[in-house]
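There are 2 protein chains.
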Amino acid sequence: MTMKVTFLGTAGAIPTQKRSLPSVVLQCGNELLMFDCGEGAQRQMLTAKVGYHKEMRIFITHMHGDHVLGLPGLLQTMALMDRQRGVDVYGPVGIAHFLECLQETLQFAVTYPMQIHEVSDAGLVCDTENYAVTAAKSNHVLPSFAFCFQEKPRAGKFHPEKAKALGVSVGEAFGRLQRGETIQLPNGTVVQPSDVADAPRKGRKIIYTGDTRPFPEFAAFAAEADLVVHESTFDDALAEKAQVDGHSTPSQAAKETAEAHAKKLVLTHISARYSDSTILVEQAKKFFADVVVAEDFLELELPLSE
Amino acid sequence: MTMKVTFLGTAGAIPTQKRSLPSVVLQCGNELLMFDCGEGAQRQMLTAKVGYHKEMRIFITHMHGDHVLGLPGLLQTMALMDRQRGVDVYGPVGIAHFLECLQETLQFAVTYPMQIHEVSDAGLVCDTENYAVTAAKSNHVLPSFAFCFQEKPRAGKFHPEKAKALGVSVGEAFGRLQRGETIQLPNGTVVQPSDVADAPRKGRKIIYTGDTRPFPEFAAFAAEADLVVHESTFDDALAEKAQVDGHSTPSQAAKETAEAHAKKLVLTHISARYSDSTILVEQAKKFFADVVVAEDFLELELPLSE
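Keeping their order, the protein sequence lines are chains R and F.
So the first sequence is numbered by my numbering: it starts at 53 and just counts up by one.
So the second sequence is numbered by my numbering: it starts at 53 and just counts up by one.
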């Protein structure tokens with residue numbers, strides 16, 4: 053399954069000419085997962101060539117305008133384009149009322165099934181054949197969640213020569229073993245997947261923090277993630293302001309990522325004051341080496357685990 | 053007074069890579085008048101270098117998302133930037149409830165005085181020292197208004213030689229006559245402004261239609277306007293669809309503008325289907341010569357009348 057993360061908007065609460073309001077999408081096979089939907093996200097999707105018609109799940113971290121004001125327009129545009137597939141929206145308590153208000157005051161209706169799932173606590177948010185998304189309570193200035201995308205494990209590497217040696221014929225039995233099923237040969241021998249394949253390969257894991265101060269559950273929540281997308285609104289010199297406003301600095305984001313033994317860190321939700329983000333990278337690099345500051349339309353492919 | 057119209061967004065209901073959602077601003081001296089505020093308007097303002105801190109009036113033609121979903125984000129951004137000056141918002145009945153809902157569900161507060169004026173009928177909407185804005189009931193699929201910006205007349209050209217010939221001394225009396233006051237000389241002679249100056253010069257006039265089918269009051273409402281900004285969502289071949297959806301075609305917009313004896317026509321609110329707008333201009337030109345299709349960031353200076 054191909055997996056690509058695209059940053060549609062990387063601004064803090066105020067957009068700039070270069071940075072649109074917060075939104076990150078994960079294209080995962082034929083599905084689209086969106087994390088936050090700031091104003092302008094629908095138009096950024098056009099430039100990023102993301103497409104409006106895929107299977108879609110939208111995850112909102114918290115009910116601040118800069119993270120959610122792109123949602124009504126996106127939902128409306130998809131209706132105008134006669135979308136048929138359902139859309140699932142996940143977000144804090146209050147998101148259903150927000151959308152109801154807008155549907156009432158703007159008289160728009162969606163043409164497709166829309167399910168709104170209010171998230172009120174940490175834990176499993178959605179679970180599909182290929183992945184699960186879980187939430188952790190983050191630490192902003194109002195109820196807020198960080199999300200973890202976890203791909204399901206893939207079968208371990210299959211060794212046909214081992215299967216043949218055990219008497220398994222090439223064909224259907226091979227396929228069943230590769231899918232993780234136990235089989236019985238005509239001679240009564242039972243063959244387990246583990247007899248002919250390596251241990252299952254871990255699925256890919258991505259963390260999206262939304263707006264938050266550092267929070268103690270982070271290291272466990274993000275443990276060994278392939279990618280951490282962490283907000284870093286202010287640089288270290290403004291740590292006090294970050295604390296008051298419920299945000300993080302590069303050092304804090306990098307320390308958290310290092311403690312989680314994650315592989316890669318991308319900083320986003322960048323305050324409009326940083327026309328040059330070099331200082332943010334420098335501050336983060338003291339604690340975690342593989343870090344970049346996101347720019348709008350940055351794309352990251354996540355390779356299959358070995 | 054300098055007067056410049058800037059098109060921030062020229063799309064129909066669905067944005068494109070080239071066209072943001074509907075919004076037009078008029079910079080008028082140190083004031084900013086905005087007509088509609090589609091999603092993304094605040095960011096388009098940055099690119100257009102319009103500025104967030106001017107005296108500002110915002111006029112919303114109707115309560116469809118594509119015309120108003122940029123408003124909450126703009127109001128919030130100006131609050132985050134610590135705007136102090138008041139903002140006046142004018143729009144159809146329902147706009148106050150729309151903003152209340154968003155302020156409640158997104159927990160944002162404005163830092164500046166904000167007056168919301170609900171417009172329920174045709175007539176005067178606002179009246180200032182320099183201009184007045186009036187509304188006409190347009191003909192869309194829900195209550196909708198077109199707006200007319202009318203600059204106040206300026207004093208006619210002053211002829212100092214005529215004043216001197218009548219015995220007026222250079223100085224304060226000159227100034228009073230130039231401002232349109234009648235004066236009396238020490239010898240008892242009464243001098244009228246019309247004795248020493250040409251007739252007052254007409255102020256500039258701009259029409260912004262919002263979404264509408266042609267409507268019978270248009271010709272009088274837009275009479276002799278310097279600029280008509282008219283929606284033209286669909287081309288003439290889709291006249292039937294335009295009628296059903298409450299929109300206009302280039303021919304309709306051009307005929308209306310010609311009947312109004314206006315000077316210039318700009319078509320906007322262009323459906324996403326027209327990647328090339330040549331056909332729209334061609335259809336309009338059959339009925340009105342001075343016509344262009346707006347592109348995002350088109351700027352038009354309106355010269356002072358002679």
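Some clues are possibly wrong.
Remember, identical chains collapse to one label, so a pair may be satisfied in a single copy or spanning two.
Claimed, not checked - Straight-line Cα separation of at most 30 Å, DSBU-like style, residue types lysine-lysine; simulated pairs:
(1) 189 to 101
(2) 316 to 293
(3) 293 to 254
(4) 307 to 56
(5) 189 to 216
Please keep in mind that the hints were generated in silico from the structure rather than gathered at the bench.
Just so it is clear, the structure is predicted and the values come from calculations on it, not from any experiment.
Item to check | residue 189 and residue 216: within-copy, between-copy, both or neither at 30 Å Cα | outcome: Answer is neither: 50 Å inside a copy and 81 Å across each miss the 30 Å cutoff.
Checklist entry - At most 30 Å between C-alpha atoms: does residue 189 with residue 101 qualify within a copy, between copies, both, or neither? => result Classified as neither; 32 Å inside a copy, 39 Å across copies.
Next on the checklist: Cα distance capped at 30 Å. Does residue 307 pair with residue 56 within a copy, between copies, both, or neither?
Outcome noted: Close inside one copy (25 Å), not across copies (51 Å); limit 30 Å.
Checklist entry - When no copy is named, should residue 316 and residue 293 be tagged within, between, both, or neither for a Cα gap of at most 30 Å? => result Close inside one copy (26 Å), not across copies (51 Å); limit 30 Å.
Checklist entry - Should residue 293 paired with residue 254 be assigned to within, between, both, or neither, using CA atoms and 30 Å as the limit? => result neither (39 Å within a copy, 53 Å between copies)
Hint compliance for this structure: hints 1, 3, 5 are broken, all remaining hints hold.
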